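Asker: Spelled out, the chains give:
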Amino acid sequence: MAAQEPATKRKRISKKNKAAWRKIDIQDVEQFLEDQRQEERIGTFTDKQDEDLFVVDASPLKTAPSQLTIKQKRKLNALKPMRSHQALENTSKVQDPIVKRNHVRQKKSGRNIEMEVCNPTKPRHRQANTDRGLYYEKLDKELAMRESGKKLPKIDKDIWQEEDFRDKIPGLKDEKGWISRDLALHVAGNIGRKVVKTHASLHHKTTKAKKFEAPHPGMSYNPSLKAHQELLAEVVEREQSIIKKEQHLKRVTTTMFSKVTPEERDKRRLDEMSEGIKEDGEPESEDEVDPKSADNSYSTVNAPVENKKKSKAARNKELKQKKLQRQHEAKKALKKQTADLIRIKSIRAEVQEEAEELKDLKKRRKAAAERKKYETKRLGRHKFEEPDLDVNMPEDLAGNLRNVKTESNLLTDRFKLLQKRNMLPTTVAVKRKRAKVKRFPRSSHKEPGVSFQELRDRRKAAAAAAKANSDTIKI
Amino acid sequence: MRRPKKYEAGEATQYISRRAALRKLQLSLNDFRRLCILKGVYPREPKHRRRAQKGSSEIKILYHTKDIRFLLHEPIVWTLRDYKIFAKKSGRDRAIKDFRNLKRRLALFPEIKLDHIVKERYPTFIDALKDLDDCLTLLFLFSTFPSLHLIPREQSNLCRRLTIEFLHYVIASKSLRKVFISIKGYYFQAEIKGQKVTWIVPHYYPFKPQSRQEVDFKVMSIFVEFYTIMLGFTNYRLYHGLNMAYPPQFPSSMLQDNEDTLKDETSFVSERIAALNFELLRTDKVQEDEEEPDIDMELLEQDGDSKRIIKMKQEAQEIARLRNLFKGLKFFINREVPREPLVIIIRSFGGKVSWDSSVFSGSTYDESDETITHQIVDRPSLSTQYISRDYIQPQWVFDCVNQRQLLPTNKYFLGEELPPHLSPFVDAKRDTYVPPEEKALHDPSLIETHAQSDDESEEEEAAQNEDDTVDQELLDAQLQRAYQQETAEYKKYGGPDGVNEDEEDADDDFDGEQESDEEEEELDEKTKRLQEEKKKMSVQSGKVHKVNKRQLHKAEVDEHRLQARMVKPRHRNLFRKLIREKQSKEKEEWLLRKKRRNIDKDTKEAKKSAKREAKKAAAAAAAAASQLGAK
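Protein sequence lines correspond, in order, to chains A and B.
Number 256 in the working numbering belongs to position 256 of the first sequence; there are no gaps in the numbering.
Number 494 in the working numbering belongs to position 494 of the second sequence; there are no gaps in the numbering.
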């Protein structure tokens, strides 16, 4: 290049206008500046240390393949900065032209918890710190308990011990009797240790029935014949009453209505629905029969209502009659009273009888109410029904403990007992109805028909058979 | 004045529907259910449903408004609300897989504290005991459950632990009174602090799955949750009442240190405790056997005139005897017999018991131990049998307890057909007609005498008045019983117990020496039975106690008159009613007895006539034969 430069003659170009200026070749300058900038960015070789530039390869050529598992590799990769963030990294070696920058502090929204924890400045920070400490203390304890495997309810005191709430609150216990109980109650409530009083209705029993019903002696695993027969009789009686009820319901509902064939039913329905609608043939004739009615706009079967006015004389007469009637009745009542005077004895008897009846009714009502106290209450939509009695059939009685056939389900038994004692409302488990799914073949799906190959095979087979037959005939 | 609106007062304000209660408490239905069960708040039936439901006549679940207001102040409502928060937060953690936070949250799961509720629901300890029936049955049932949906494994384990603790108390306090094997399970009745506590233990069979259609498992689980806490506190109190350490512990001397035990001490101890075969650690180091509740007896003795007091005294004596029913007996339970109920019964009446060590831990002696007196077997036959012990079926133990005496074992021997197992919950002394067969079942001393007398009469073929014999037998039985009581009392107050026991032991030893052959033993038994029979006969022969019936009747009438006069005027109707009932019952009983007597008479007559005819026929035949011979 140096040899070429003197050879080429410098071109003189006019620089009269601005456009002409651009005709100057400034590539060399540009190149120089570019080089310089690059040097600034990545630094020069002279700046770099030997270690950065060269690596002494001390290991043998064949390196063992890395034994890292995928998980480990992932973990290592996780340590590296993200690829997506690489573009944001400043790789330039250009020094900041501004030597001292003003640090702009961004305004944080909310609290700086870290700062509050590290150097608390306000009382509430300190409070929060102590709370946090308590929390983690509890957490550590819980975790330790969990690890040791002891997680049992804490039962370490006698809750039925007689104790006064005043003993626990210092200052409320007074030997001199200056603080009344009411005052103590008030104070306890106000310092957050309210004494809860239970109201009596909570302990009120809703049924008078006995808690423990003795098992029927026939339910023994080896019952005496008499007891077992009694129990069986009871079961049979109960079953019979159920059957009777069922039969009654059937008689009253299902068998009460006559049955007809579907055709008959449809016909009847049609008839019923078309009642009053004139049929094709007849209406014309009917119209012909009564042409006048067609002319009249409206007519009814009932006679038209007339507004009959009563005359004044009639009214007077009526009034007079009424008055007379009243007089007559009063007279009659008076007469009856005098007559009753004679039969006062029998009246008294009647009254007494009535009173007796009333008393009897009262008694019966009272007895019914008393009986009801022993029965199960109606708590919800469903009525409680006594569960079936547990009984071993005579053939199931083994007579020894080894071959006992257990009959009852104790869990169901308990559940029913809770219901019976009004502790649970009687419920019926509801089966969740599933929506009916309509199924049909997809339009794209085709039934596999007979293929061409199959048909061909069949034809060939038939032909072969025919040939064989023909062969046999020949022979 | 403002015009009162409808449903602003009266029944409409007394009741609140469940929906309204939910809204008021701001809880979900499940939480509300839980809260109600825990607090013992149950739905109510109003007197007039339409009024209570503000005009609507559909049947809704109603609660007392007062109850709901009471629930409003309950601190666990807040815990229930915390659950909701917990579920949300932990759900979030799980979703974003923040397991560190999740672990922290799970550790601090808001737990419900029920101590104060137990106290609130049962203000006194006796209240809690009264409600123990349900609690125990449910916990015994749940202790057999595996982990199920809605029933965590910890719950069933806890149930097992608590029930075993309770059984230990029953054994230590000797408070068991009645037992019954039904097809439902084993009924147990104990008397704790004067309260009868009855519970049912299910039969020991594999767990049967339960359909969810019938039972709401969630609800039952909540009940169990409360009952576990309640039984825990009850156990604590009961244990401390007996001066025992509450989480039950063994005296350290009893634990032998093996390699296995050193490995896991807690499980070893809990297994031994479950075995129910060891005394637990006491805090006072005093044997309980010496201190028996004699105080009641002394108090009763001061005014021992009234019938009731005499009855109570008898009862107390009987119970005192019952508590040591199996004392000195040594049982061995075969592997096919359900172990737990039998161990409870035998141990709580003072017997010693063991089982095959391979069946369950905690066995104390082997089958080959020669001092075993009874082996409980439930199979038709056994290949190797020891002579020194009785092989009995398990029912013997149950029947002994129910009849409060040691029954003769011969009816319960191995392979024998068992007598019926009667329910102890039916009062045998009820004042209705009891046929002689049933009477005999309740009182075995009667049956033998009855049978013997029959035999004798048949042998003698003498027409005796049966009524008299029956009466006499009854009298004799009473006399016998009185004699037994006397001796028992003498033993109790006169001579120390130890002497008697020693004597018994000596007898046992003596028997043991003698029993070398089976035949000999059988002979022994025969002689014994003979002796017993002789004893009974001797008692029968005595005719010292002749009661003047007329005087007795007169005294009775006088007493009745006095009673009638003592009755307050307001109770007069009731008294009359009682008397009438009693009379009608007596009449019925008399009628039935008469009927029975007639039937017996007829059958006897028929038998006799049959026999006579047979004799006649035989005589005729003999005569004919002799005639033939003569010819």
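FYI, nobody ran anything at the bench for these hints, they're computed from the structure.
Treat each hint with caution, since some may be false.
[To be verified] Think about it this way: if two alpha-carbon atoms lie no more than 30 Å apart in a straight line, the pair counts; the simulated BS3-like pairs of lysine-lysine are:
hint, chain 1, residue 1, chain 2, residue 2
1, A, 373, B, 89
2, B, 119, A, 383
3, B, 103, B, 89
4, A, 205, B, 97
5, A, 366, B, 568
6, B, 178, B, 327
7, A, 194, B, 24
8, A, 363, B, 24
9, B, 24, A, 210
10, B, 89, B, 174
11, B, 601, A, 226
12, A, 211, B, 208
13, A, 320, A, 335
14, B, 208, A, 372
15, B, 585, B, 595
16, B, 66, A, 372
17, B, 330, B, 307
18, B, 103, B, 119
19, A, 373, B, 174
20, A, 436, A, 420
[To be verified] From chain B, some residues computed to sit far from chain A (all C-beta separations above 12 Å):
hint, residue
21, 13
22, 31
23, 45
24, 89
25, 104
26, 105
27, 122
28, 198
29, 311
30, 313
31, 314
32, 388
33, 552
34, 598
35, 616
36, 627
Small disclaimer: the values here were computed from a predicted structure and weren't measured.
Just so you know, even glycine gets a beta-carbon here, dropped at the ideal spot from N, CA and C.
Asker: Please go over all the hints and tell whether each is borne out by the structure.
Answerer: Here is how each hint holds up against the structure:
1. For the suggested pair residue 373 of chain A and residue 89 of chain B, the alpha carbons sit about 48 Å apart, so the restraint of at most 30 Å is broken.
2. Straight-line distance between C-alpha atoms of residue 119 of chain B and residue 383 of chain A comes to about 33 Å, which puts the hinted pair past the 30 Å bound.
3. With a CA separation close to 12 Å, the supplied pair residue 103 of chain B and residue 89 of chain B stays within the 30 Å bound.
4. Between residue 205 of chain A and residue 97 of chain B the CA atoms are separated by roughly 51 Å; this puts the pair beyond 30 Å, and the hint is violated.
5. With a C-alpha separation of about 24 Å, the suggested pairing of residue 366 of chain A with residue 568 of chain B holds against the 30 Å cut-off.
6. For the given pair, residue 178 of chain B sits about 18 Å from residue 327 of chain B by alpha-carbon distance, which is consistent with the 30 Å threshold.
7. The hinted pair formed by residue 194 of chain A and residue 24 of chain B meets the criterion: a straight-line CA distance of about 21 Å does not exceed 30 Å.
8. Taking the CA atoms of residue 363 of chain A and residue 24 of chain B, the gap is near 42 Å; set against the 30 Å cutoff, the hint is violated.
9. A threshold of 30 Å between alpha carbons decides the hint, and for residue 24 of chain B with residue 210 of chain A the separation of about 34 Å lies outside it, so the pair is violated.
10. Distance hint between residue 89 of chain B and residue 174 of chain B is unfulfilled; the C-alpha atoms sit about 52 Å from each other, more than 30 Å.
11. For the hint pairing residue 601 of chain B with residue 226 of chain A, the CA-to-CA distance comes to about 23 Å; that is within 30 Å, so the pair holds.
12. With a C-alpha separation of about 27 Å, the suggested pairing of residue 211 of chain A with residue 208 of chain B holds against the 30 Å cut-off.
13. A threshold of 30 Å between alpha carbons decides the hint, and for residue 320 of chain A with residue 335 of chain A the separation of about 23 Å falls inside it, so the pair holds.
14. Taking the CA atoms of residue 208 of chain B and residue 372 of chain A, the gap is near 37 Å; set against the 30 Å cutoff, the hint is violated.
15. Using a Cα cut-off of 30 Å, the hinted pair residue 585 of chain B and residue 595 of chain B holds, with the two alpha carbons roughly 15 Å apart.
16. The hinted pair formed by residue 66 of chain B and residue 372 of chain A meets the criterion: a straight-line CA distance of about 24 Å does not exceed 30 Å.
17. The straight-line distance between the Cα atoms of residue 330 of chain B and residue 307 of chain B is roughly 39 Å, outside the 30 Å bound, and the hint therefore fails.
18. A threshold of 30 Å between alpha carbons decides the hint, and for residue 103 of chain B with residue 119 of chain B the separation of about 34 Å lies outside it, so the pair is violated.
19. Between residue 373 of chain A and residue 174 of chain B the CA atoms are separated by roughly 37 Å; this puts the pair beyond 30 Å, and the hint is violated.
20. As the CA atoms of residue 436 of chain A and residue 420 of chain A are separated by approximately 38 Å, the hinted pair breaks the 30 Å bound.
21. Remark: the non-interface label on residue 13 of chain B is consistent with the geometry, its nearest Cβ contact in chain A lying 15 Å away (cut-off 12 Å).
22. Under the 12 Å C-beta cut-off, the non-interface status given to residue 31 of chain B relative to chain A holds; the minimum distance is some 17 Å.
23. Separation of residue 45 of chain B from chain A is inadequate, the least Cβ-Cβ distance of about 4 Å not exceeding the 12 Å criterion.
24. Look at residue 89 of chain B: its CB is around 14 Å from the nearest CB on chain A, clear of 12 Å, so calling it non-interface holds up.
25. For residue 104 of chain B, the requirement that its beta carbon stay farther than 12 Å from each beta carbon of chain A is not met, with the minimum near 6 Å.
26. Not every Cβ of chain A is farther than 12 Å from the Cβ of residue 105 of chain B; the closest lies at roughly 10 Å, contradicting the non-interface assignment.
27. Taking the minimum C-beta to C-beta distance to chain A, about 8 Å, the non-interface status of residue 122 of chain B is violated against the 12 Å cut.
28. A beta-carbon of chain A comes within 12 Å of the beta-carbon of residue 198 of chain B; the shortest separation is about 5 Å.
29. For residue 311 of chain B, the requirement that its beta carbon stay farther than 12 Å from each beta carbon of chain A is met, with the minimum near 21 Å.
30. Under the 12 Å C-beta cut-off, the non-interface status given to residue 313 of chain B relative to chain A holds; the minimum distance is some 26 Å.
31. Non-interface call for residue 314 of chain B relative to chain A: holds, since the shortest CB-CB distance, roughly 23 Å, exceeds 12 Å.
32. Residue-level check passed: residue 388 of chain B sits 24 Å from the nearest beta carbon of chain A, beyond 12 Å.
33. Under the 12 Å C-beta cut-off, the non-interface status given to residue 552 of chain B relative to chain A holds; the minimum distance is some 33 Å.
34. No Cβ of chain A approaches the Cβ of residue 598 of chain B within 12 Å, the least distance being about 20 Å, so the stated non-interface status holds.
35. At roughly 37 Å, the least C-beta separation between residue 616 of chain B and chain A is larger than 12 Å, which holds for a residue marked as non-interface.
36. Listed as outside the interface, residue 627 of chain B is consistent with that label: its C-beta sits roughly 51 Å from the nearest C-beta of chain A, beyond the 12 Å cut-off.
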